[in-house]
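Asker: Listed here are the chains, written in short residue letters.
There are 2 protein chains.
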Amino acid sequence: MSAPPLAAPQLPPGVPVVGMVGAGQLARMTQQAAIALGVHLRVLAVGAADCAAGVCSDVRLGGPRDLAAVQDFARGVDVLTFDHEHVPAALVADLERGGVVARPGSHALPYVQDKLQMRQRLAASGFPVPHWAVPRPGHELEDLRAFAADHHWPVVVKAVSGGYDGRGVWVVEDETAAARLVDALADLRWFVETHVAFRREVAVQVARSATGEIRAWPLVQTVQENGICTLVIAPAPQTDPEHAAHARTLAENIAKELDVVGLLAVEMFDTGGDEPFVVNELAMRPHNSGHWTMDGSVTSQFEQHLRAVLGWPLGDTSLRAPVTVMANLLGGSGVEAAAVHSRIPAALADPGVRLHLYNKQVKPGRKIGHVNVCDAEVDAAVQRAGTAVRILRGEDGSR
Amino acid sequence: MSAPPLAAPQLPPGVPVVGMVGAGQLARMTQQAAIALGVHLRVLAVGAADCAAGVCSDVRLGGPRDLAAVQDFARGVDVLTFDHEHVPAALVADLERGGVVARPGSHALPYVQDKLQMRQRLAASGFPVPHWAVPRPGHELEDLRAFAADHHWPVVVKAVSGGYDGRGVWVVEDETAAARLVDALADLRWFVETHVAFRREVAVQVARSATGEIRAWPLVQTVQENGICTLVIAPAPQTDPEHAAHARTLAENIAKELDVVGLLAVEMFDTGGDEPFVVNELAMRPHNSGHWTMDGSVTSQFEQHLRAVLGWPLGDTSLRAPVTVMANLLGGSGVEAAAVHSRIPAALADPGVRLHLYNKQVKPGRKIGHVNVCDAEVDAAVQRAGTAVRILRGEDGSR
Chain Z
1 MSAPPLAAPQ
11 LPPGVPVVGM
21 VGAGQLARMT
31 QQAAIALGVH
41 LRVLAVGAAD
51 CAAGVCSDVR
61 LGGPRDLAAV
71 QDFARGVDVL
81 TFDHEHVPAA
91 LVADLERGGV
101 VARPGSHALP
111 YVQDKLQMRQ
121 RLAASGFPVP
131 HWAVPRPGHE
141 LEDLRAFAAD
151 HHWPVVVKAV
161 SGGYDGRGVW
171 VVEDETAAAR
181 LVDALADLRW
191 FVETHVAFRR
201 EVAVQVARSA
211 TGEIRAWPLV
221 QTVQENGICT
231 LVIAPAPQTD
241 PEHAAHARTL
251 AENIAKELDV
261 VGLLAVEMFD
271 TGGDEPFVVN
281 ELAMRPHNSG
291 HWTMDGSVTS
301 QFEQHLRAVL
311 GWPLGDTSLR
321 APVTVMANLL
331 GGSGVEAAAV
341 HSRIPAALAD
351 PGVRLHLYNK
361 QVKPGRKIGH
371 VNVCDAEVDA
381 AVQRAGTAVR
391 ILRGEDGSR
Chain H
1 MSAPPLAAPQ
11 LPPGVPVVGM
21 VGAGQLARMT
31 QQAAIALGVH
41 LRVLAVGAAD
51 CAAGVCSDVR
61 LGGPRDLAAV
71 QDFARGVDVL
81 TFDHEHVPAA
91 LVADLERGGV
101 VARPGSHALP
111 YVQDKLQMRQ
121 RLAASGFPVP
131 HWAVPRPGHE
141 LEDLRAFAAD
151 HHWPVVVKAV
161 SGGYDGRGVW
171 VVEDETAAAR
181 LVDALADLRW
191 FVETHVAFRR
201 EVAVQVARSA
211 TGEIRAWPLV
221 QTVQENGICT
231 LVIAPAPQTD
241 PEHAAHARTL
251 AENIAKELDV
261 VGLLAVEMFD
271 TGGDEPFVVN
281 ELAMRPHNSG
291 HWTMDGSVTS
301 QFEQHLRAVL
311 GWPLGDTSLR
321 APVTVMANLL
331 GGSGVEAAAV
341 HSRIPAALAD
351 PGVRLHLYNK
361 QVKPGRKIGH
371 VNVCDAEVDA
381 AVQRAGTAVR
391 ILRGEDGSR
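Those protein sequences? They're chains Z and H, same order as listed.
Each residue of the first sequence is one higher than the one before, counting from 1 in full-length UniProt numbering.
Each residue of the second sequence is one higher than the one before, counting from 1 in full-length UniProt numbering.
Read the hints as simulated data drawn from the structure, not as lab findings.
You may find that some hints are simply not true.
What the hints assert, rightly or not - Some chain Z residues judged to face chain H by a derived CB distance under 10 angstroms, without partners named:
1. Q31
2. A34
3. P135
Just so you know, these numbers come straight off a predicted model, no measurement behind them.
Here a beta-carbon is modelled for each residue, glycine too, at the ideal position from N, C-alpha and C.
Between the sequences and the hints, there should be enough to build the whole structure, so can you do that?
Answerer: Here's what the structure looks like:
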């Protein structure tokens, strides 16, 4: 071979090494920020097709629940962090006892791995959450009915762990549906909560550095279809400035209360009332609701996460445009990887479309990319981002 | 090993592969753009310490003048492009005959590899260039003196090939200096040109896609010290709008005239007159004078270069802030890599400082990173960017 592959790059001394467990699109986009900051990103991938593996020089193979693999992976990293919630907090605690610096730490992770602990902790600390109840073993249906009687149908049943993108969440309309669901979930830990009547769904991303410094981005509106986020509008349109400020403070206080280091996404219901926000979900990492920051804010959530876990000062979270809209590109019928790539030139005909493709293996409903569009007007931004995504999906009628 | 290194990532079908010869900071920053666009970037590195090698999954080893190596490297890439000017145009022509798509192509590259050809071609096409003359072999000193007598001292002597960052360029003040230089350059091809009295130095970056589409960024001012660019101010302050428009048109016309595909940097003298611009240097790739685009424009020069060489539509080159200032971080005494990394938190205390570190082996005078600062005012942006660089260099008096 005249141009053989390089075995291993040689870094200058003093380069910080951040190890990220998981090699999905969040790790992939973190690499863009790591390159700018001069941070060396090492990722732990499950397989060669993990999409961050294609863009990093330092990829290790191993499962996120395999203590030996994660231990081996963490050797030599300055900070260990996560692209997902699948590393059990107990495993992280083991690593910490061995001297690994994990951010967020094992004391914070349970609140994103166990939704019941999250509800209990937030409620105990006075944060607004839906009413909820844990059914007694053997009395699940009875307790679910009693809860609905105390509140109202429908109710929401949530798996204690493992849910995301609408999985692990069931809206239960009536007694018949409740009976069916309770049967189906016989082997699962779950709890029930009120179905919050909301005007819209919103989110705040906040970063907390290892130094304690906190910075939040403005409140955004998130639009979900079938439990999957399809659109984010930043900032959330038609928002009372006091409410917007209150939402940021709420998110900052949760980050402090849970001693989060890194990014925290706080997904909330906006009920439209005087105290409009009710906390729905948390994520302790860069999150889909913050992808707009890559083009719409001075500092992206990925850069901020690295700065936070390294204990560096946080970057400016100001807006760079009056409106930024993020639209997700989901896999589906006719949305194979090669077809998507062939449609890029058509999608980029709008010169302001900011494309972010993940190079993931495509599955129906799977997030395989997103576009951001900055504009002066919400409607225009929504329309332009939607058009680009429809073109990439082959739904514009011409391709 | 519990978490063994991954041998090779697996990409989904249809992913475009761009091969970049050279693995310096331009390739490194191109990788950030490639990640977003879903483009697979393969780089040809000279050694394991090349700074793009640390951030790519597909690094091959070989020299840019080694036909077999570049041929092997180019196998399977959709487009071949360059991080520097060191691949001889004749070698690229050989590759093209073998079916490789090189952008810019072998017909365009001579104008950045041979400054005399560049001067001749631009002058023949009516573009403004300094007066110049090629000395006759054996009559070098005589011809240089005659040229100065026809114009004025000082004159500028330029090596026909190989110069950059002030190397290969000599300002000759008088006859004595001329005699010394002519002796010293006995083995080098050179020519002489007038020393243009300029108000300031400026540059325009322009992209030309394989489709023929052209987009330029606004005119910027470049500040050089010892022949090395230290500061770029975008847009160039206090510029007559007609002059600014004229500079863009000039750059666009050169890109067309030379049939450039990819990025073209046109460095010019601004003489302050009615037709103020005189072309100094060209580069056919992303260029230091365009680093400000990473934070100051909707589309960065690195993304634009990829879009251009892939024949995709070009992105919006609008400004994202009233002023963006780029300040280079140069290596020097006390500016070792580890020391620079230890000073990052202090430099980032200004939350609007956008850091770009290359993780290069540090040498005195070598560009090892840059910062961008966006602001409403030129003076403030210059001051903030300068402060960050001084802190990183350990020159702020406290570290």
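Asker: Next step is simple, just say for each hint if it's right about the structure.
Answerer: Results for each hint:
For Q31/Z, the shortest C-beta to C-beta distance to chain H is roughly 6 angstroms, which falls under 10 angstroms, so the interface hint holds. Below 10 angstroms, beta-carbon pairs count as interface contacts, and A34/Z has one with chain H at about 8 angstroms; its hint therefore holds. The restraint placing P135/Z at the interface with chain H is violated, with a minimum CB-CB distance near 40 angstroms, outside the 10 angstroms limit.
Checked against the numbered hints listed earlier, the structure breaks hint 3 alone; every other hint is satisfied.
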